Structure formats: C-alpha cells, structure tokens
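Below, each chain spelled out in residue letters.
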Amino acid sequence: MTAIDDFSEDLSGDELNLIEHPDRRAFLGLALTAAGGIVLSPLFPRMAWAQNGASCPAPFNEDLLPVGEIKSVNGFLRGIIDTQYELRKVIEYNGTLAAPAYKCREHPLRTYHGYQGFGELKKPVTKIGEAYPGPTLRARVGETVQLIFLNRIDPQKFPQTSVTSVKDQCDTSFVVTGGKRYPGANETFPNCFHASNTTNLHFHGTHVTPGTFGDNVLIGVLPNPKMDVGAAVAACKKVFDSPGHADHGSGKILQHVAALAMHSLLEGAKKSGNTQLAEQIQAAIDANRTDIAAGEWPQYWPGFYVHHFQLPLPSGVPGKFPVMGQSPGTHWYHCHQHGSTTMQILNGMAGLFIITGDYDDKLLVLGGGTVAKPKIKEQVMIFQLFSEQPNLVNATPAALVQVNGQVVPTVRMKRGEVQWWRIANAAMKAHGIDQYLFISQAVLDGLQNKTIPLVKGVPPPSADGSVPSLNQTAQDGVQFDWQNYVRRAQWPPSATAPSTTPNPKTFHLAPGNRADFLVKAPAADGTAYLVFWPEKNAGGFNDVNKNVVVKVIVAGDPTTENTALPTEAQYPKLPEDLADITDDEINERHRKLTFSMSKAPGAGGGTRVDPPEFFIDGKQFKEGTIDQIMLMGTAEEWNLVNTSPGGTSHPFHIHINPFQITEIFDPATMTEPKVMEKPWVWGDVISIPASATPAGSTTAVPGHVRIRSRFVDFPGKFVLHCHILGHEDRGMMQLVEVVDNHTVIKHH
Amino acid sequence: MPFQVTVQRETPPIGFDPSDLTAAKAGDAVFWLNADHHTTHQICPKDGVAGDWGDPVGPQASSMQVNIPTAGVYLYRCALHDDETGTLTVT
Chain F
1 MTAIDDFSED LSGDELNLIE HPDRRAFLGL ALTAAGGIVL SPLFPRMAWA QNGASCPAPF
61 NEDLLPVGEI KSVNGFLRGI IDTQYELRKV IEYNGTLAAP AYKCREHPLR TYHGYQGFGE
121 LKKPVTKIGE AYPGPTLRAR VGETVQLIFL NRIDPQKFPQ TSVTSVKDQC DTSFVVTGGK
181 RYPGANETFP NCFHASNTTN LHFHGTHVTP GTFGDNVLIG VLPNPKMDVG AAVAACKKVF
241 DSPGHADHGS GKILQHVAAL AMHSLLEGAK KSGNTQLAEQ IQAAIDANRT DIAAGEWPQY
301 WPGFYVHHFQ LPLPSGVPGK FPVMGQSPGT HWYHCHQHGS TTMQILNGMA GLFIITGDYD
361 DKLLVLGGGT VAKPKIKEQV MIFQLFSEQP NLVNATPAAL VQVNGQVVPT VRMKRGEVQW
421 WRIANAAMKA HGIDQYLFIS QAVLDGLQNK TIPLVKGVPP PSADGSVPSL NQTAQDGVQF
481 DWQNYVRRAQ WPPSATAPST TPNPKTFHLA PGNRADFLVK APAADGTAYL VFWPEKNAGG
541 FNDVNKNVVV KVIVAGDPTT ENTALPTEAQ YPKLPEDLAD ITDDEINERH RKLTFSMSKA
601 PGAGGGTRVD PPEFFIDGKQ FKEGTIDQIM LMGTAEEWNL VNTSPGGTSH PFHIHINPFQ
661 ITEIFDPATM TEPKVMEKPW VWGDVISIPA SATPAGSTTA VPGHVRIRSR FVDFPGKFVL
721 HCHILGHEDR GMMQLVEVVD NHTVIKHH
Chain V
1 MPFQVTVQRE TPPIGFDPSD LTAAKAGDAV FWLNADHHTT HQICPKDGVA GDWGDPVGPQ
61 ASSMQVNIPT AGVYLYRCAL HDDETGTLTV T
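Which chain is which? The protein sequence lines are F and V, in order.
If you're matching positions, the first sequence starts at 1 in our numbering and goes up one per residue.
If you're matching positions, the second sequence starts at 1 in our numbering and goes up one per residue.
Calculated from the structure, these hints are not laboratory results.
Please note that a few of the clues may not be correct.
What the hints assert, rightly or not - The calculated lysine-lysine pairs, modelled on DSSO-like cross-linking and capped at a C-alpha distance of 27 Å, are:
1) F:LYS414 to F:LYS429
2) V:LYS46 to F:LYS122
3) F:LYS546 to V:LYS25
4) F:LYS520 to F:LYS546
5) F:LYS362 to F:LYS373
6) F:LYS123 to F:LYS252
7) F:LYS414 to F:LYS89
8) V:LYS46 to F:LYS89
9) F:LYS505 to F:LYS414
10) F:LYS505 to F:LYS546
11) F:LYS237 to F:LYS226
12) F:LYS674 to F:LYS592
13) V:LYS25 to F:LYS180
14) F:LYS520 to F:LYS362
15) F:LYS103 to F:LYS127
16) F:LYS429 to F:LYS237
17) V:LYS46 to F:LYS429
18) V:LYS25 to F:LYS103
Stated by the list, open to error - With beta-carbon atoms standing in for the labels, derived distance ranges:
19) F:GLU296 to V:ILE14: 16 to 22 Å
20) V:ASP47 to F:ALA695: 48 to 54 Å
21) F:ASP464 to V:ALA26: 56 to 62 Å
22) F:GLN441 to V:LYS25: 54 to 60 Å
Please read all numbers here as calculations on a predicted model, not as lab measurements.
All residues carry an ideal CB built from backbone N, CA and C; glycine is no exception.
Sequences are here, hints too, so could you generate the full structure?
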C-alpha cells in the first residue's frame with residue numbers, strides 16, 4: 001500500500017482529483033525539475049551566475065529604515081513567509097578607509113519574502129535585491145498566529161557539495177591548492193553542515209507548543225521551487241479553517257496533501273532519471289511513514305508548512321504556581337534545521353517578532369502620548385551578517401554587521417529625546433558574547449587615525465554628555481522589574497565587569513540575545529556611534545571600521561518628541577507569572593550540563609580545516625535521543641558548565657520556556673561565583689564563560705552559570721543548544737522533553 | 001562569488017566548459033558539475049593525483065566544490081579521462 005492509498009479514503013473530491021488528474025497534480029506543483037535538488041542530504045547541481053558591479057547605499061549615509069511588517073488584524077497574525085533563492089547586493093569592507101573603502105557585490109542567497117495575508121504573492125512587504133531580513137511580525141499577546149511557510153529555494157542555484165553518497169552526507173569542499181577543506185577530519189553526519197536547502201522556522205522567545213504547528217524545529221521543509229503556490233496556500237488554509245486538534249483534525253488534512261506532494265516529488269525525480277534524488281525522497285517518505293506509525297508528527301514536508309498557535313495569556317490561581325504566559329517583547333524567528341542553520345542564517349534567513357502587551361502600553365504613553373498616538377519613537381533593529389557560506393566551507397571576506405539590512409544606518413534624535421530601541425542580535429559572530437558601547441565622534445576619529453589606543457582591548461569611554469545613555473527595560477523579550485531597570489542590571493552579566501554598577505553607555509549581546517532600551521540623547525548636538533567589540537579581545541580586533549553598527553546624530557530642540565523616562569508609577573509592573581522562582585518550587589537542582597570542545601580554536605580561528613568538535617555532556621546531537629526529561633508543572637535549577645579552552649564561551653539557549661540566571665562564574669575574572677541579586681532577570685540566551693587557569697595554578701577551572709526555569713505547560717520535545725550556530729550544527733545540541741505524567745525514564 | 005564548470009563526454013562538446021575559466025578571484029569557489037547521465041568524472045590537479053580535489057563526481061547532476069584561497073594559474077584534469085583538461089586562472 002502506498003502513502004497515497006493510505007490517505008485517499010480521507011480526501012475530498014477535489015483532493016482526489018489531485019491524484020487522478022496528472023494536470024491537477026502538476027497544478028499542485030509538487031514535482032521538482034529533472035535537474036533535481038536536495039532532500040535528506042545535499043545534492044546541488046548547477047548554479048546561477050551572480051553579476052558584480054552593482055551599487056549599494058553608502059555606509060554611514062542612510063537613515064535607519066524600518067523593516068516591512070506583517071501585522072495582526074482583528075486578533076489574527078496572517079501572512080506568508082516565502083523562502084527563495086535571490087541575488088542580493090551586500091556591502092563589503094575592503095579593510096582600509098582608503099578609497100574605495102567599501103565594495104558592493106551581488107551574492108546568491110537564500111532569502112525570506114514576506115506577505116500580509118494569504119493573497120497572491122505580488123507585493124511583498126520586504127525588499128528585493130539587497131541584503132534584507134525577513135518581514136517583522138507584530139502581534140499582541142492573546143492573539144492567534146496563522147502563518148504559511150513556503151520553501152521555494154531552487155537547489156540548482158546552490159551546488160555547494162559533491163555527491164559521493166546519496167544520503168547522510170556532509171557538505172564537502174576542497175581547496176585548489178590541494179586537500180580537503182570541509183568537513184574537518186573528525187566531523188561526521190549529522191553533526192556537520194548539510195542539507196542546506198531544507199529548512200524550517202523557529203520562533204525564538206515564544207512560549208507555545210513545541211509540536212505540530214507550534215514552535216516545531218523537528219520538521220524539515222524540503223525545497224520545492226516548482227510548487228504551485230496557490231494550491232499549496234489553499235491546502236494550508238484548511239488547517240486554519242478546520243477545528244480540532246492538529247493530530248486529528250486540521251493537521252491530518254495537511255498531512256494527506258503533503259503525502260501526495262511527496263509522491264509527486266518522487267515521481268518527478270524518477271521521471272528525470274535522477275536516481276540519487278529519488279532515493280533521497282524515498283528515504284524521506286519512509287521516515288514519515290515510520291513517524292506516523294509510531295504516533296509521531298511526520299518530519300519531512302514538501303515545500304510548505306503551517307504555523308498555527310495562540311500567544312498565551314498567563315493563567316492560574318493568583319498566589320499559586322503560575323502558568324506562564326507569552327512575554328510581550330522583542331522576539332525573533334529564524335531557520336533551525338540541524339546542519340543548515342549556520343548557512344541559512346548567514347544568508348539572512350531571520351526576522352523580528354514583536355509581541356505587544358501591557359508592557360508596550362505603559363511605555364507608549366511616556367511623555368504624554370497615547371497608545372494610538374505615542375510621542376515616544378520606536379526604533380526596531382535586527383543585527384545580521386550576510387554571507388554565502390560559513391568560513392569553514394569557504395573562507396569569505398569578513399561580513400559587516402548590518403542593521404535592518406543597512407550598513408551603519410543613521411538614527412536621528414533631538415536633544416534630550418528618549419527613544420525606545422528594540423535590538424535583536426541575529427549576527428552569529430564566533431565570539432560567544434560582544435560588548436556594545438556608544439563612542440563619541442572624537443573617539444571614533446581617534447581610533448581611526450590611531451591617536452587614541454584601545455584600553456584593555458576595547459575603546460576607551462567617551463566623555464560624559466557626548467553620547468546617548470542606555471536604560472534597559474527588557475532582556476530577551478522579557479521585561480525588567482523596576483528594580484533592575486533602576487540599577488541597570490547589566491544582563492547578561494558582564495564577565496569583565498561583573499558587578500551591577502550602572503554603566504549607561506554599554507551593554508552586552510550574545511548571539512540570539514535581544515534587548516530593549518530607553519535611549520536618551522545627550523543635551524547637546526553631536527554625533528555618536530554604537531560599536532561592538534568582543535568581550536575578550538585577544539588582539540585581533542583593532543579596526544573600528546569593522547565594528548561600527550549605528551550612527552546617532554543629535555540635533556535641535558525637541559518639539560513633539562518624548563523626553564521623559566518613566567517613574568516607578570509609570571513603569572510597567574512585572575506580571576505575577578514572572579515572579580522569582582523560589583527554593584520551595586524547585587523540584588530538581590542537581591541537573592548539570594557540561595559544554596565542551598575537543599580542543600582550543602587555535603590559530604586560524606573558525607577558518608581552520610581541522611576545527612574542534614563540540615559536545616554537551618561528552619556527546620554530540622543524536623536525532624531521536626532524548627537527553628533531558630522534565631516533568632510538566634515543576635521548576636528546576638540547572639548548572640551549566642563550560643570546560644572549553646581558549647576563551648570560548650558558549651551562549652546557552654533553550655526553546656519554549658525562558659529562565660532566570662541566579663549565579664555566574666568566570667574563572668578568567670572571578671575568584672568565586674557571583675550570586676545574582678534578586679529579582680533575577682529572565683532571558684533565553686546566556687553566555688557560559690569559558691574555562692581558564694587562575695594565576696599561580698596549572699589547572700584549568702571551568703566557567704559556569706546557574707539558571708532556574710519553570711516547565712509549567714506545553715509538553716513535548718524541543719531542543720537546547722549553543723547559539724553560536726556553527727557549534728550547534730556540528731553537535732552542541734540536545735533533544736529535551738517535557739512530559740505530563742510522573743513516569744520518567746531517562747533515555748540514552 | 002561561486003563559479004561553475006560543467007564536464008561531460010556523452011554529448012559534445014566533450015570536456016570542461018568553460019575549459020579556461022579566468023573570471024575567478026581569490027576567495028571564490030568553483031563548482032564542477034557532471035552533466036553526464038552515466039559517466040563518472042574525477043577532477044584533480046594536472047600534476048596531482050586522483051583524490052587531491054576529492055572523490056569522483058557521479059553522473060546525473062552531481063557536483064563538487066573547490067575553494068580558491070590564493071591567486072594563480074591552476075591546471076587540472078579528469079583522473080578518469082585523459083582527454084579532459086582545463087585551466088583556472090585566479091586573480
């Protein structure tokens with residue numbers, strides 16, 4: 001019995017026509033071309049030729065532009081995110097300010113195109129042809145997300161791998177001067193870069209179900225460039241229109257259509273004579289059958305998928321163990337297919353997800369504005385790198401950090417104005433954490449002409465009153481309590497300045513972190529710059545021109561602009577579900593996860609051809625093996641340990657539930673762990689300091705972080721991992737499960 | 001910026017196309033695409049041995065990637081078919 005036979009009994013007349021009528025089958029668009037593509041492992045025939053000589057906007061010379069948005073309407077966030085191959089212009093720095101300091105090149109990239117609603121794909125809200133993030137999604141807590149995700153990447157455009165076997169294969173590259181470049185000697189499938197045209201979506205920071213149509217990163221959407229979008233969208237919309245649980249009602253309908261589409265893909269591959277591609281698709285079909293027979297959600301989808309979930313409000317009995325709601329704040333989404341996350345996010349496959357709520361209502365009325373007509377100006381920024389391939393596969397020019405697709409855009413402020421900046425760090429720099437700081441024009445000039453030296457590896461402080469000041473209101477999309485806002489809690493705690501001493505000119509971001517600030521302009525006209533520097537600069541970062549992110553021009557007296565910072569009465573109250581996790585709540589406090597590397601990064605850093613391997617608890621990610629099981633309705637304290645040498649910190653991230661950090665230890669700068677002050681700050685990414693050898697000792701001491709988290713709802717499987725995605729793709733990830741009963745068996 | 005060279009011998013023209021690639025710059029990648037349906041090729045340096053640039057490239061639109069870290073003139077051949085040769089000039 002074929003999969004088509006399996007499902008035909010449940011199909012409508014129209015859907016049956018898709019089986020019986022070859023034209024209708026083609027209409028559904030579910031066949032790949034004869035040239036083939038990638039399924040379970042990469043098979044990339046042919047490519048497109050990119051043209052150079054394009055022109056880009058000049059860095060430092062363009063005002064910051066908002067990213068196009070898909071917004072909720074009448075309680076529903078409805079839209080389409082369409083993934084496609086596209087040639088996009090990217091600005092590169094030549095390494096010197098001597099003209100031409102920058103060049104503009106077109107690169108073949110995998111890109112997101114966003115559409116409001118489910119109509120024809122003619123008017124994207126996102127730009128085409130230049131480096132650009134995915135559409136910003138904006139919805140309010142309590143509303144329902146209904147997104148259709150399409151993968152129309154043309155595999156023919158990305159022939160980045162040799163094909164020496166039909167499946168279970170890493171991307172492979174050699175160097176013309178002889179020898180293999182990638183994969184490294186010890187890298188093996190699946191913990192290597194692979195399957196780079198298969199993708200999915202992770203809604204980073206959402207508190208929703210990890211299964212079915214929620215924040216499900218365990219599915220893979222196969223590339224299907226010839227798909228008929230109209231038919232695919234119609235099939236996906238049935239999920240939204242049909243009542244019932246995904247496993248039984250609406251989801252089953254889409255499973256049926258997907259099964260048909262997978263067979264159509266298979267027939268197309270067979271007809272073209274591409275036996276290797278056919279074998280890969282058959283393997284995907286077989287995997288889905290196994291999943292379904294085991295009562296699991298099918299893993300592979302033929303070019304389309306649906307995300308359908310509510311952004312939950314907090315619930316539960318006041319004063320009792322709270323049931324967490326979705327925190328309103330600055331969240332984001334990005335690709336999360338194991339093995340291809342690095343490649344795709346370097347191509348730009350990320351976007352912001354702004355979730356609004358009471359927190360916003362309080363900040364929007366500052367200075368006498370209203371929620372509908374605020375005086376405070378919101379600046380939304382997503383930091384990204386744009387590159388064709390990870391530097392392990394091919395060493396490419398170091399990419400500049402771009403903001404909303406722009407290089408050093410300008411933010412304009414009036415004297416004393418207070419703006420609301422939302423920042424998401426989607427730039428996957430290899431260092432585990434970066435320091436961001438405002439510097440004045442004088443300091444920038446001095447760094448550029450070498451009259452001002454770095455101090456302990458970073459730019460020196462600028463004169464008071466010459467740069468804006470930072471007042472942090474949220475971390476990782478979860479608001480600060482008033483006390484943390486007042487003392488500027490420095491989250492994540494700085495390893496080099498681990499006290500909570502207020503420092504209103506700097507903050508820290510690890511890959512994946514977000515932060516909200518009320519940024520106050522100085523009282524005098526002037527120009528300042530937001531720059532980043534590695535937390536621990538070993539000497540390799542001494543050209544400020546590579547590290548400038550945003551330019552700020554302050555000019556003129558405010559007229560209608562907001563100049564007020566909130567009083568305690570005006571500041572948004574911390575919801576009860578974000579109260580500190582108490583000792584009495586803790587069900588398990590002995591869980592320890594150890595992040596390790598096989599060796600130090602060494603000379604050549606990320607570009608070396610024999611890079612280190614990455615482990616959690618001495619093991620690499622294994623599909624289907626559940627490494628941690630937590631009971632639903634409990635809270636736990638975890639000790640996250642990092643034994644990695646060479647100053648390599650690892651940004652820990654876990655999906656679905658945020659956590660509080662209670663203690664941090666950086667052996668490079670501390671003699672004993674620092675216990676964090678209450679109320680503890682919430683987050684979902686924390687950089688675990690590397691090991692170090694204390695002065696006078698010969699023994700390395702690991703760094704660690706202690707966190708607490710509540711697993712209050714949403715049973716199911718999801719992942720934790722290092723958010724340096726090159727580490728995650730290559731093994732530093734675990735599968736975890738929240739179970740809703742008390743029978744716990746740890747699987748190995 | 002990646003570049004592509006196809007190789008085939010089941011239909012003319014036999015060999016590499018382009019046989020002399022001159023547009024690549026240091027830092028680029030080159031992909032060799034096997035356009036044949038039944039024939040395997042194995043690209044390697046002219047003065048090297050089979051395997052220097054990887055395993056054989058199978059038929060039916062398989063490909064391989066070679067990165068070019070430095071400028072120079074690189075002569076190459078198919079280790080399985082003596083009459084297939086090409087040049088890569090990198091600036």
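A quick look at each hint next to the structure:
1. F:LYS414 to F:LYS429: violated (33 Å)
2. V:LYS46 to F:LYS122: Between LYS46 of chain V and LYS122 of chain F the Cα gap is close to 50 Å, so the pair fails against 27 Å, i.e. violated.
3. F:LYS546 to V:LYS25: Measuring from Cα to Cα gives roughly 22 Å; hence the hint holds.
4. F:LYS520 to F:LYS546: Answer holds: LYS520 of chain F to LYS546 of chain F is near 25 Å, not above 27 Å.
5. F:LYS362 to F:LYS373: holds (13 Å)
6. F:LYS123 to F:LYS252: Given pair LYS123 of chain F, LYS252 of chain F is violated - Cα atoms ~31 Å apart, limit 27 Å.
7. F:LYS414 to F:LYS89: violated (32 Å)
8. V:LYS46 to F:LYS89: violated (36 Å)
9. F:LYS505 to F:LYS414: Judged against 27 Å, a Cα distance of about 18 Å means the pair holds.
10. F:LYS505 to F:LYS546: holds (20 Å)
11. F:LYS237 to F:LYS226: holds (20 Å)
12. F:LYS674 to F:LYS592: Holds, at roughly 18 Å.
13. V:LYS25 to F:LYS180: Holds - the C-alpha atoms of LYS180 of chain F and LYS25 of chain V are around 20 Å apart, at most 27 Å.
14. F:LYS520 to F:LYS362: Holds - the C-alpha atoms of LYS362 of chain F and LYS520 of chain F are around 17 Å apart, at most 27 Å.
15. F:LYS103 to F:LYS127: Measuring from Cα to Cα gives roughly 20 Å; hence the hint holds.
16. F:LYS429 to F:LYS237: The hint is violated at about 38 Å.
17. V:LYS46 to F:LYS429: Judged against 27 Å, a Cα distance of about 38 Å means the pair is violated.
18. V:LYS25 to F:LYS103: This hinted pair holds, its Cα atoms lying about 14 Å apart.
19. F:GLU296 to V:ILE14: 16 to 22 Å: 50 Å Cβ-Cβ, so the 16 to 22 Å window is violated.
20. V:ASP47 to F:ALA695: 48 to 54 Å: holds (53 Å)
21. F:ASP464 to V:ALA26: 56 to 62 Å: Violated - the Cβ-Cβ distance for ASP464 of chain F and ALA26 of chain V, about 46 Å, lies outside 56 to 62 Å.
22. F:GLN441 to V:LYS25: 54 to 60 Å: violated (35 Å)
Of the numbered hints listed earlier, those contradicted by the structure are 1, 2, 6, 7, 8, 16, 17, 19, 21, 22.
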